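For the first sequence, the residue numbers in my numbering are 1 to 802.
Because the hints were derived from the structure by calculation, they are not lab data. Among the hints, a few may not be true.
Stated by the list, open to error - In the DSBU-like style, the derived pairs of lysine-lysine whose C-alpha atoms are separated by at most 30 Å in a straight line are:
#1 K103 / K243
#2 K310 / K279
#3 K176 / K202
#4 K136 / K176
#5 K243 / K282
#6 K460 / K472
#7 K595 / K282
#8 K595 / K311
#9 K476 / K531
#10 K340 / K351
#11 K279 / K243
#12 K308 / K595
#13 K202 / K219
#14 K243 / K202
#15 K423 / K136
#16 K199 / K176
#17 K392 / K199
#18 K460 / K129
#19 K170 / K136
#20 K279 / K213
#21 K243 / K199
Quick caveat: nothing in here was measured; it's all calculated off a predicted structure.
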Amino acid sequence: MDLVSSLNEQQAEAVRTTEGPLLILAGAGSGKTRVITVRIAYLISERQVPPHQILAVTFTNKAAGEMRNRVANLLKGFQLNSAPLLATFHSLCVRILRQDIEKLDDGYTRSFTIYDTDDSQRVLKACIKDLGLDEKKIVPRVVRSVISAAKNRGEDVQLFTSSVEQTDEKQAAYAKIFRLYEERLLRANALDFDDLLIKTVKLLRVSQETRDKYNDRFKYILVDEYQDTNSLQLALITFLTEKQQNICVVGDDAQSIYGFRQADIRNILEFEQHFPSAKVIKLEQNYRSTQTILDAADAVIGNNLNQKKKKLWTQNPGGERILYCQAVDGEAEARFVASKIEAHRSRDASKRIAVLYRTNAQSRLFEEALRRFRIDYNIVGGFSFYERAEVKDVVAYLKLILNPDDDIALLRVINTPSRGIGKASIDELQSMARQTNGSLWSAIGDVVEGRSTAFAPRAKNAIVAFWNTIEKLKAKAEGFAGTDKPVSETVIAAIDDSGYSQMLREENTDEAEGRLENLEELVNAAADYDKDPEGGLREFIDHAALTSDTDKYDGNAGVTLMTIHSAKGLEFPIVFIVGLEDGVFPHSRSVNNPKELEEERRLAYVAITRAEELLYITHSMRRRFYGDEITAEPSQFLNELPLELIEDLSRGPSWLSYARSYGMGSEKRTPVTTIDANVHEKPRAVYTGKTYNSADAIAEFFKNKGGRASRTGETFSRSSDVSRPSTGYDRLRAAASENARTGRSDRDDDAFVPGSHVRHAKYGKGLVLRREGTGDNVKLTISFPGFGQKKLIQKFANLERA
DNA sequence: AAGTAAATTTTTTTT
DNA sequence: AAATTTACTT
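Please work from the sequences and hints to get the whole structure.
Shown next, in the form of structure tokens:
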């Protein structure tokens, strides 16, 4: 078998370069996964590397599973006596910690519990309450993200506390909560997601013995999606590869979309500094998409200032134009998408289709429309199976079997199903636990053994009954060990003996019926661990904690709905990118931060490059938001697409027809200078997507206006001849805003108050959103259709009422 | 203590 | 608009 013969020159080189540090810069669709899997197979079959010495790290279980399958396929017919380890960062850490965490000697034991985001947040909520802080001002969710960010920067409590501005009341409170949170986690023998990495890195740092052990175990290490690694992950890799330096990382800086999780794009940009003597191989031939799709992706990403230059090319045909639709509202957008999907499916049902959106909340409308069209779909994300209340409840019983000190698990189920232990009893137990600095379970033990007089007979009986339930469950689980169904029988016992199934049956509703079915699913999932010699109850629970919803993506599904983040690494013949609206995509929380806006743009790049043959983009003019309907403006990313690549399927006039008559029309009369002509070879309309949203930039622009025309000034100074858009789009917009707008226009020409409509020489008509400052310093935030939000100084902006 | 009504919050993105 | 949390009632 010749593994490398099917690869192009660069790919083959990447496979053959097995020794020393190697960075593979792999553009979208350049056969990255193929290179990784062939490389693993090559190491085993050509270089006689024992499989267990190979470690490949990914971010999702799904990616790991996919690689496992492909490697198995490549090595079919080989007799192997071990397997390469294909793991996520988190599952790798759990593996290491389950063996060696006690070497840290910091109180944690090998039977530690994993707390997911929800569990962490519950702990934090309790911490905030117990510290007597105002829950209105200190939001658990925010505290969690602050602490998580600190942890991912590599800061512990001490470091965080000293780095915090002590005079800042909130920051000081966060530090206090952080400290208490860590204490509570330790007492419960629990680690949160971030701790899994932190503890592993710490272990490798302090224990030469452990470091040697894993260096000797893993002689060849591969890391996928390297652009998404953070400093902790870099530290982990650095320690693991200390001896051999056989580290191969694969990534694409243009697809870095996890900055919010502290992913540091510098890891990939500075790989050669971190690993001297590193070799770099670029994969630039795209095998996935049509030229049209690549041109569109390239044009959008070209607006980012921070990027490594690379030129993706393809031998694929040009393909069809990008299909575009502007809908009147979210429902119409979903209807358009569903009807197009229906048409495609009836023509050729083998073509997989994806609907990609920025936020999970957008899925609902598309689900409803697809159901109405009777189209089967698969949805990824949102509410994960393991996040369902009934599943988490039963898993909590299982967690208590292995670690009764897990307070969060205990609180979850102490009165579910209700067994007469109410708020008052729980409060009492918690104060007992606080006094002895023990867990709730130890407090319950005190009650059972009569060391507490705080409870009335009825309450005491209820607590004893709960204690009995858990103790019996523990005994039963031990009894199942050694049988042929240790895990699934234990799960069944947890469901039945806890009274949970009885509770659901008595409810006698369709909803309860569905919950029972979910629990049956849980038993099925557990059964997989019965067969596996390496799988026990512990592994099953870990799996439940570390399995994201992205992992259950069904690669064979005809229609899949998911966020763009979840879609990374996937490809589809037909892709719909929906909700291309200002504030939705790019997200409103990112528009005012240039760094985050660039990340949004990379997200757009990822979305576009998922498409193989056909790409649809849609947006709607109105959208429901927190219950009320608002006017939605076209995304600035639309302006960054080459208009000639787009075909308009909108009913009636649209942003595109508006943009065309405006941009193309003026182009005929005067050649248009593009702002970043070096990036785009083709002449483009004045819609360069360049934003002038800082006060300085605006002032600069208007200064240029009167004098010598600079390149940017030139683009702008021509705008007077297009200041009266008379297209249908304008009328359409006017009609729409008539109904939609909540503000009022002012009778005074000078008062551009929020809600009023204005006209700007360059941007045309817009809606005033915010007004700040007084006198000459009045700044207005205005949303312009097709340009997004702009912050303008009223004095310079030369606005008219519209 | 449990069920219901009222009030409040929620929309980034994920291991 | 929907979901979650809190606050009243029995």
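Hints and how they fare:
1. K103 / K243: 21 Å, holds
2. K310 / K279: 17 Å, holds
3. K176 / K202: 23 Å, holds
4. K136 / K176: Holds - the C-alpha atoms of K176 and K136 are around 17 Å apart, at most 30 Å.
5. K243 / K282: 26 Å, holds
6. K460 / K472: Answer holds: K460 to K472 is near 18 Å, not above 30 Å.
7. K595 / K282: Judged against 30 Å, a Cα distance of about 25 Å means the pair holds.
8. K595 / K311: 23 Å, holds
9. K476 / K531: 19 Å, holds
10. K340 / K351: 13 Å, holds
11. K279 / K243: 18 Å, holds
12. K308 / K595: 15 Å, holds
13. K202 / K219: At roughly 21 Å apart (the allowed maximum being 30 Å), K219 and K202 satisfy the hint.
14. K243 / K202: 18 Å, holds
15. K423 / K136: Given pair K423, K136 holds - Cα atoms ~22 Å apart, limit 30 Å.
16. K199 / K176: Holds, at roughly 21 Å.
17. K392 / K199: Holds, because 25 Å separates the two Cα atoms, which is no more than 30 Å.
18. K460 / K129: Roughly 26 Å between the alpha carbons, so the hint for K460 and K129 holds.
19. K170 / K136: 12 Å, holds
20. K279 / K213: 27 Å, holds
21. K243 / K199: The hint holds at about 21 Å.
Violation of the numbered hints given earlier is absent; every hint is satisfied by the structure.
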